[in-house]
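> Build out the structure end to end from the sequences listed, making use of the hints.
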Amino acid sequence: MRGDELLDAMEGIDKRYIEDAAKTPRRKRPVWLRVTAAAACVCLLVCGVWQGWRWYAFRSTMLEGGAVALPQEAFATSDTYDTLSELLEGLSGGEEHLSTRGDDVEIPVKAAESTALTEGKNAVVYNGYSYHLGRQQIIISSLSGNTPQAVGVIDVDLTAVSLKEDQHAYASFTALFLRDDRLIAVNTLEIEGGKAVDRGTYTVVTVYSLADPATPALLHCFVQLGSPTHVYMAGDTLMLMTADGVCACGWSRLKNTEDYIPQLSVDGAAVAWGEERLHILGTPTMVRYLAVTQIDTATATVTDHHAFYGYVTDVYYGADWFALSVVEDVDKVYTFTVDDGIQYTGVFAMPDPTFARTSVLSVAKDNEVYRVVSEYSTGRGGNTKTSLLGMTANIRTGKSYYRLLQLEQARLWLLPEVYWEEDSAVIVVEDALLFAEFYGMSVRLHETPFAAETIRNVWGSNAHKTLIDLSDGQYLRFNATTDGLELWDLSRSDAPVTRLTETVLSGEERFDFYWTVYDKHTIGVAVAVPDENGKHHQSNMLWHIYRLDRTGKTPFELLAVYDLKTEPDFAVSFNRFASFEYEGQHYITTANLPVPLAVSW
Amino acid sequence: MKDEEIVALYLARDENAIEETADTYGARLRTLAFGIVEDRQTAEECENDTYFRAWNAIPPHEPYTYLYAFLARITRHLSLNCCRERHQLKRRAFVCELSHEMEECLPSPDDAACRLDQEELKRALNTFLATLKTEKRNLFVRRYWYLDSIDSIATRYGVSPSKVKTTLFRVREQLRTYLQKEGYEL
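In order, the protein sequences belong to chains G and W. All residue numbers for the first sequence refer to the working numbering, where the first residue is 299 and numbers rise by one. All residue numbers for the second sequence refer to the working numbering, where the first residue is 45 and numbers rise by one.
Everything labelled a hint here was simulated from the structure, so no lab data went into it. Bear in mind that the values here come from a model prediction, so they are computed numbers and not experimental data. Hints should not be assumed to be uniformly reliable.
What the hints assert, rightly or not - Below, computed lysine-lysine pairings styled on DSBU-like, alpha-carbon distance capped at 35 angstroms: (1) LYS697/G to LYS166/W; (2) LYS166/W to LYS683/G; (3) LYS177/W to LYS166/W; (4) LYS225/W to LYS697/G; (5) LYS177/W to LYS321/G; (6) LYS818/G to LYS209/W; (7) LYS313/G to LYS697/G; (8) LYS209/W to LYS225/W; (9) LYS180/W to LYS321/G; (10) LYS683/G to LYS46/W; (11) LYS313/G to LYS683/G; (12) LYS851/G to LYS177/W; (13) LYS180/W to LYS313/G; (14) LYS177/W to LYS697/G; (15) LYS313/G to LYS225/W; (16) LYS207/W to LYS313/G; (17) LYS180/W to LYS166/W; (18) LYS225/W to LYS207/W; (19) LYS177/W to LYS818/G; (20) LYS209/W to LYS180/W; (21) LYS763/G to LYS833/G; (22) LYS166/W to LYS207/W; (23) LYS313/G to LYS419/G; (24) LYS313/G to LYS166/W; (25) LYS209/W to LYS321/G; (26) LYS763/G to LYS207/W; (27) LYS225/W to LYS177/W; (28) LYS46/W to LYS313/G; (29) LYS833/G to LYS177/W; (30) LYS763/G to LYS321/G; (31) LYS851/G to LYS818/G; (32) LYS419/G to LYS763/G; (33) LYS225/W to LYS321/G; (34) LYS818/G to LYS763/G.
Rendered as structure tokens:
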């Protein structure tokens, strides 16, 4: 083919042309923008010297960020595949093989703070009754009277999905919501046995009427194929996100194209997923997708549903938006609003892909501006240089900017914790505390010598959040041995301070990462107690309540101790932990407790 | 490390040359390969093969002042071959699209008997590219050497996709006229 020959002949062009085209071009700004920028600077100087200088100083040292593409048409996202059929055809010669449905498809979610969001809980209270998650049940208790009384249970439904002869199902509840007089429960249903392609995980959402709170009545059942990525509510709307993957390689292609499409049913009736609801992001090398369904829990209807095929690594969300971080040749973040169905609002790319690798840590949103903190690395092996990247992307104007902070010691890839405050992100990593402060489209980054050690609980896990937010920039943090607490004042990002450090526990007792902030001065924390051989069992746990006195001689005064010890061999006493208040009385629940435990001090 | 120093390592048969090359140009080569093969694993293989070939090619080559172009050329060649050998439909579709575009530059209909003299063609291409202004040449090279998509070229240079398409169309027309004049018509 002669066109190919010409394409090959291009290989021999002069090296100068190759080098020239490799250079990052300097883009001209339109004249009107330059004039407008100059006028804006003058106005800012007149109106407020300090604010104006600060804005200009940030703005002038920030770098232009990755491309922002605004939607030209609904969900125009991939320049390689237009449809699922094209994707399947493209993968037909591929070698990436998934042995079973859903293999390796776990997509973490990270929520930006929002009071308009309702996260799933392990316990809710309605009209004098509590409903808390047990092992495979929802435990109903009456809270009237002096002592909680067991009333009944709701068993998880193992028949929500039809099973084949040689299959069996395992189920467990994962979250509860309360909306008006409706109890909404989420559980997973894992199908095992039978052929590999017939196994899988489903996410089930059941809605109960609490007209008679002692005996909730099942109203509706939604079943979606896929592991639960996240479920949350904003008002009456429940957002159900599930992830699944299906092998599409040359060896184990499934015959039926519908096997590559999400499945959703409402009260047993299947909901269709037309081509217009299937979107390809980037250039995936296997079939893995995130299915997002909006459910109006008041009317029990599906208001919108879409599936996104691609290498989605994280989901970020707020009350009226969500964003998907997708790994492509340039990592990208696809953005959506959800207040009028699921609407695609554009995509922005991480900056300077030719020279660096990025890994998005978290995304938040302020009006039309997305705020991103990410790892940014150049070099390889021992010469790797890691930076913190702070970036803003405006999906209305199509502009994005970023700033880098090269880190000397910090290792961002070691389980960073990100805490969003109103206009800043606090990033806790091993050996450092990093701040990203956002101001309009500008961002300021700094690293403090405020060392944050990696903290593991007594069973070696470090997968928990370690900062207890007391508000106003005050945080409690466990010390490295988890037998003490520190009070951090992070209200000034340029001068974080440790106000208190105290060893609180005695002997071999150790804190675990479950807590409740009752008020600014009172907290409850889980404590693991060793046996006579010095071993900690997850079935031997206490609940300690402390008063925090920042100026007193005893900063952490122990007010009360509750023993949650259960059967000696039963593990994970704080599984499904919840803390709630009803008519001035505080309670805690776990999966092991038959009724809520009333606590007071 | 500067290009001259890296090339000196190759010539001295010091294996640190590979590591220094990877440190300096690895990400760019990987990105170039990925743009063609669109598979991370394959792109990394092409990158590694590039180092192997560079090791065998230096000496006799001594790309002191054009090391990146030297390496990128190898990577492009390997990636295109990889793409064709593995019959990746989606990438073949893209390569076919580019081939069709390039065919527009050729004055004669496709004929298996008419093999273009590759060396002559390369010389003609270089002479033609020298006549172009930098901006147009860069667009052309990004499209037909780096195999960038229209959208990514538009984003890179801060222009609209339609401007990119129009510019490329006009350059292809100019190339066609030039090749005709140079006797590539049969």
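> None of the hints should be skipped; say for each whether it holds.
Against the structure, the hints come out as follows:
no.: 1; hint: LYS697/G to LYS166/W; result: violated (40 angstroms)
no.: 2; hint: LYS166/W to LYS683/G; result: violated (40 angstroms)
no.: 3; hint: LYS177/W to LYS166/W; result: holds (19 angstroms)
no.: 4; hint: LYS225/W to LYS697/G; result: violated (45 angstroms)
no.: 5; hint: LYS177/W to LYS321/G; result: holds (16 angstroms)
no.: 6; hint: LYS818/G to LYS209/W; result: violated (62 angstroms)
no.: 7; hint: LYS313/G to LYS697/G; result: holds (33 angstroms)
no.: 8; hint: LYS209/W to LYS225/W; result: holds (24 angstroms)
no.: 9; hint: LYS180/W to LYS321/G; result: holds (14 angstroms)
no.: 10; hint: LYS683/G to LYS46/W; result: holds (18 angstroms)
no.: 11; hint: LYS313/G to LYS683/G; result: holds (29 angstroms)
no.: 12; hint: LYS851/G to LYS177/W; result: violated (77 angstroms)
no.: 13; hint: LYS180/W to LYS313/G; result: holds (17 angstroms)
no.: 14; hint: LYS177/W to LYS697/G; result: holds (29 angstroms)
no.: 15; hint: LYS313/G to LYS225/W; result: holds (25 angstroms)
no.: 16; hint: LYS207/W to LYS313/G; result: holds (26 angstroms)
no.: 17; hint: LYS180/W to LYS166/W; result: holds (18 angstroms)
no.: 18; hint: LYS225/W to LYS207/W; result: holds (27 angstroms)
no.: 19; hint: LYS177/W to LYS818/G; result: violated (68 angstroms)
no.: 20; hint: LYS209/W to LYS180/W; result: holds (11 angstroms)
no.: 21; hint: LYS763/G to LYS833/G; result: holds (24 angstroms)
no.: 22; hint: LYS166/W to LYS207/W; result: holds (27 angstroms)
no.: 23; hint: LYS313/G to LYS419/G; result: violated (62 angstroms)
no.: 24; hint: LYS313/G to LYS166/W; result: holds (12 angstroms)
no.: 25; hint: LYS209/W to LYS321/G; result: holds (21 angstroms)
no.: 26; hint: LYS763/G to LYS207/W; result: violated (50 angstroms)
no.: 27; hint: LYS225/W to LYS177/W; result: holds (20 angstroms)
no.: 28; hint: LYS46/W to LYS313/G; result: holds (17 angstroms)
no.: 29; hint: LYS833/G to LYS177/W; result: violated (76 angstroms)
no.: 30; hint: LYS763/G to LYS321/G; result: violated (43 angstroms)
no.: 31; hint: LYS851/G to LYS818/G; result: holds (18 angstroms)
no.: 32; hint: LYS419/G to LYS763/G; result: holds (17 angstroms)
no.: 33; hint: LYS225/W to LYS321/G; result: holds (32 angstroms)
no.: 34; hint: LYS818/G to LYS763/G; result: holds (19 angstroms)
Hint check: violations occur at hints 1, 2, 4, 6, 12, 19, 23, 26, 29, 30; the rest are consistent with the structure.
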